[in-house]
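Number of protein chains: 2
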Amino acid sequence: MKFFIFSFVVLNSITSFADEGMWLLNNFPTNTVQKKYNFLATPEWLDHVRLASARLAGGCSGSFVSANGLVMTNHHCAHSCIEQLSNANKDYVSEGFYAKTENDEVRCPEIEVNRLVNISNVTQQITAATKNLKGQAYNDAQKAEMAKIEKNCSGGDDNIRCDVVTLFHGGEYHLYKYHRYQDVRLVFAPEMAIAFFGGDPDNFNFPRYDLDVSFLRVYENNRPLVNKNFFKWSNDVAKDGDLTFVSGHPGNTSRLLTVAELEYLRDFGLIRNLLSLSEYRGFLKEYGNRGIEQRRTSETDLFGVENSLKKTKGKEEALLDKNFFGKKVAEETKLRQKINMNPKWKVAYGSAWDELAKAQLALKNIKISLEKIEQTSYGSDLFWKAKRLVRAAEELQKPNEKRYREFNDSRLPQLKQELFSEAPIYEEFEIAKMTFGLTKMREDLKADHPFVKKVLGLKSPATLAQELVKGTRLKDPKVRKELFEGGQKAIESSKDPMIQLALAIDPDGRAIRKKFEDDIEPIIKKQSERVAHAQFAVNGANTYPDATFTLRVSYGKIRGYAEGATQINPITKMQGAFDRHTGSDPFALPKSWLDAKTILDLNTPMNFVSDNDIIGGNSGSPVINKNAEIVGLIFDGNLQSLGGDYGFDDSVNRAVSVHSAALVEALKKIYKADRIVNDLLGAH
Amino acid sequence: MKFFIFSFVVLNSITSFADEGMWLLNNFPTNTVQKKYNFLATPEWLDHVRLASARLAGGCSGSFVSANGLVMTNHHCAHSCIEQLSNANKDYVSEGFYAKTENDEVRCPEIEVNRLVNISNVTQQITAATKNLKGQAYNDAQKAEMAKIEKNCSGGDDNIRCDVVTLFHGGEYHLYKYHRYQDVRLVFAPEMAIAFFGGDPDNFNFPRYDLDVSFLRVYENNRPLVNKNFFKWSNDVAKDGDLTFVSGHPGNTSRLLTVAELEYLRDFGLIRNLLSLSEYRGFLKEYGNRGIEQRRTSETDLFGVENSLKKTKGKEEALLDKNFFGKKVAEETKLRQKINMNPKWKVAYGSAWDELAKAQLALKNIKISLEKIEQTSYGSDLFWKAKRLVRAAEELQKPNEKRYREFNDSRLPQLKQELFSEAPIYEEFEIAKMTFGLTKMREDLKADHPFVKKVLGLKSPATLAQELVKGTRLKDPKVRKELFEGGQKAIESSKDPMIQLALAIDPDGRAIRKKFEDDIEPIIKKQSERVAHAQFAVNGANTYPDATFTLRVSYGKIRGYAEGATQINPITKMQGAFDRHTGSDPFALPKSWLDAKTILDLNTPMNFVSDNDIIGGNSGSPVINKNAEIVGLIFDGNLQSLGGDYGFDDSVNRAVSVHSAALVEALKKIYKADRIVNDLLGAH
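Those sequence lines, one after another, are chains W and B. Under the numbering used here, think of the first position of the first sequence as 27, with each following residue one higher. Under the numbering used here, think of the first position of the second sequence as 27, with each following residue one higher.
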């Protein structure tokens, strides 16, 4: 854990000087950008960007880059698919993958791609539905209204996905309508060794030399998607100072949270996550030493854990920075003073902060039980499926708007994709992960908790995990499908040990969740709405909401930064990858690169940094120029950008991208991936 | 991680109501105890307690309990010896150990027992030596004076150990003179399953049912020590409300630290430790899954890590408690106000807090480098030895008072015991631990740090660890002895890869250490002295210093406590162990207990809690009554007591002990350990 010094110059104050903001497509700061960069983002330009952007529903971004459905994203966004398509004899993660013909393109079992076709503001409908309500009634009414709006929007068409999105923590509600694509096939992935060159040590650092790319193709009716809306490839080579836009799906930020909410994270939530991620990392790395196959099957998880760990450390360090946190406190104090000075505002919003602080305490008291009784599957994918099957049987008997949100009609296609996925499940790994998860559950709730006794009985976590994983038939997708379709009767008569355990603990999970959803969640929602309206009242609404894994555009430029006394050049060259090659993992270039060295133009730009405001979820986002042409591919941020969860400092926060020139150079000369190059450049 | 609620009623304010304090033997609150408990601790009583108490130099406490050198301590204090005496065919950790005859008693390779024979106050000598000095000169002069005093005290006799101890963070300096015993043999240990019944889940909890005991015997001239000073066994069965004394060696507390120092711990030091312990725990647990032998050889480490982790969590939670920390801040503010109101005090002490705060920032900046370049051996016992051998060769050429403290003449016997130990070293485990340690080093310093490149070169941590461990001959104690005795010449001509690496990085370690010892340590020491004198000036000197792993006596009583609405009974019974038995580790009683169930008196008191003020290092301390007779054996504290590092709350902080009645019942009926029972009770 390297503690770095934050020097947040600008905090949530949108000035024309900082390239701050993850902007809504329907509230883009056109004037600001025009003034600063002399570029007018027309409605047509914004529509085109929206339609050429892609969301990977699992948690990443991407872009449509050809007329025949090609989608570009990061290697690490397709990593789990690449692993799922591999086996003990053929490891596409380490060897790379290239479909030489269309027939060789293979379907990813669990990838869903979304294209945002429309946004509408449904704030009035939502707030009308919850007017004068509070507590459970407020929460139930809001969820029911959301479910109704979503169902009306999709009209029951599984190819349409509609999500009501809460913006500004309740300040506004927008309806996002997507085209949903579930037939997504793998076209190309380089070797992990170059996709993630430098590995965990280099992750979130710069200079970098990674080719973190993969290409997928969206199919419709078993044919490559015929696609009008895609980003063209730039003919120019982007250079220092160039204006850049990033169009992608930042997952989550907390810039508008109150001080009490940030304290909850700093003193409890994040520390808890850090400890659990650290221990899990230690376990996973050593699990990989059981053997080559165990390493292969656990690598995706390890990557995810190390990535989260580094991110969470960065977030915690930002909150622990006294200057930074002091500014947050000062801002809130100032806002509250202004609210209290206006009698009308004081009545409308004045008490919201204290109410939220109380809710944080209540949340802290319930959090561990909520997590360990309801929100976890103890590390087991199989048990996750068992719990979902048991819940689905009961939930799907209810009308749409009475169900838990994740069982709303609009969510069912994704649930089914996950439940019926043909992705391999590794018994040994499942047992190991579940042993770990059950042990942590006992540790968190303590050995004498009735729930612990209910789950473990007289067994040790290891014994129970072994019995459940070996005994369950849920490894077979057909069995899962039968249980899903068989409904409550099939579930209740099932002899499957995982189904039986999931059924036994289902009431415990529902009970603790009810406590949260009736007593805590509505307070947080309602008071956050009030805080949002207070912010609007004082600061106006010309701003951007916290990230919500919905499409945002950020503007900025290719730009270096200072780290201590060192000025960091914003663009690296391919030569640098060879200079950094030691031959030892994670600094070992793959054979294909070593072999091709002499034919490569080593002066080709490889990676670059820009001051675009991004965060996790933006992985795979296209970086485009003012002509909406691809100049790069986001794959990381620098360490300093991790504090960006709570505030943006454009002097040091940087997005890290693969340069478009390196992509083409590698595809042409190293991988001879002519089909892809033609798809990309043939568009010209 | 279970967050519990602190309710610190009393904080550092010594009143006659709380049983607070880890008291110096030469500053015992005789009057307070007499007033409160109507018991007069005479000088003779205190001398007897001192001489019958034992310190295990590795980090535990113990007591002399017979006329023939028997020493009682915890199982977990002798755990590493028990493991070192075991092998793949005979596992004394899981099976237990009992020497039926004197000939069967086996020497522990690395245990040193100390008996405190004298304490003298050397404050004047130390302060005279450093008068008017600061920075490096201050630090060098202080260390030289300490080395001189210690050498004069021992007179070069290896059987005498003399330590100058810094009390009140520099308020006073005392010379502790010990008799040193290095021939210590294992006599008895129960099975791990009962010594640590409930395992990590029950650790630091109560009610408990553990027999965490082992018996060692001190030998002199190859014969059991003839011993006049020992604690007799109590004929009475201690019960709720009984007055109890604990005489032991609390390792470290931080009750007198300034707010800036506590913030350093809360926001940096402890979090760093927590993350590293968590990851190491994950690694170790999974390493144990490599096989039975790997589990056996890694168990001691895992126990230590889990124990430290729980303790550190408790400490961090205490500091994160807003009420608790707020009181610390308020206390310091009050103290500083009083100091500033007195012009003489203001000059003498007024700036100390700010100076200390600056030093904490400087320490934070250097800490990771200091730790990773100088203070760690990357998890490898062999490399620890290599580093010590390399250092010793150079240091021992210097006069005693110019050496690093750990190479002072007075420390050499312990160093030699550790260096030449015959304890087994497990190659596979060494490689795994060193791979982990080198990986963390690269992560902390970052891949491009010159030191990282110097150590790893082009190799991965795994490759380097493998080469070093396989290649070194240091596994053989004879080789280590030859290198030690061969001095600088032997070291410099050695072809051993570990010696060569240790030699190569020695200058880096010395350089960063010099920076710390010249620029930071003297400020912390000098300013802490000033803070201590300020505290004396305002509050008087009738108090106890922070724990320093030196002998302290705490008074208190057997006493339950409330946990939420539940009142916890202070004494458990043997029956409870059988009630808690599930048959699954860690809740599986050993066969010996199950077999003996019918002949045991299940009403025998098993464990108890008392409000004695203890902390880590007190493990193995005797609990005695007013007649200085054994009534129990400290082995743990409750969760609430973990915050005791920073302040004591006698309403909930509890020490946890094995009851003397359970010890005798088990020794007699389960283990038929008549020799021990005779040693213990024959004294009557």
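Treat the hints with care, since some could be wrong.
Copies of the same chain are indistinguishable here, so a pair counts whether it falls within one copy or spans any two.
Restricting the straight-line Cα-Cα distance to at most 30 Å, the calculated cross-link-like pairs of lysine-lysine (DSBU-like) are [what the hints assert, rightly or not]:
hint	residue 1	residue 2
1	K348	K126
2	K501	K390
3	K540	K390
4	K623	K540
5	K540	K507
6	K480	K61
7	K393	K336
8	K485	K336
Derived by calculation from the structure, the hints in this document are not laboratory data.
Results for each hint:
no., hint, result
1, K348 / K126, "neither (55 Å within a copy, 62 Å between copies)"
2, K501 / K390, "neither (36 Å within a copy, 50 Å between copies)"
3, K540 / K390, "within (16 Å within a copy, 45 Å between copies)"
4, K623 / K540, "neither (60 Å within a copy, 46 Å between copies)"
5, K540 / K507, "within (28 Å within a copy, 67 Å between copies)"
6, K480 / K61, "neither (64 Å within a copy, 51 Å between copies)"
7, K393 / K336, "both (23 Å within a copy, 20 Å between copies)"
8, K485 / K336, "between (35 Å within a copy, 24 Å between copies)"
Going through the hint list in order, the structure does not satisfy hints 1, 2, 4, 6.
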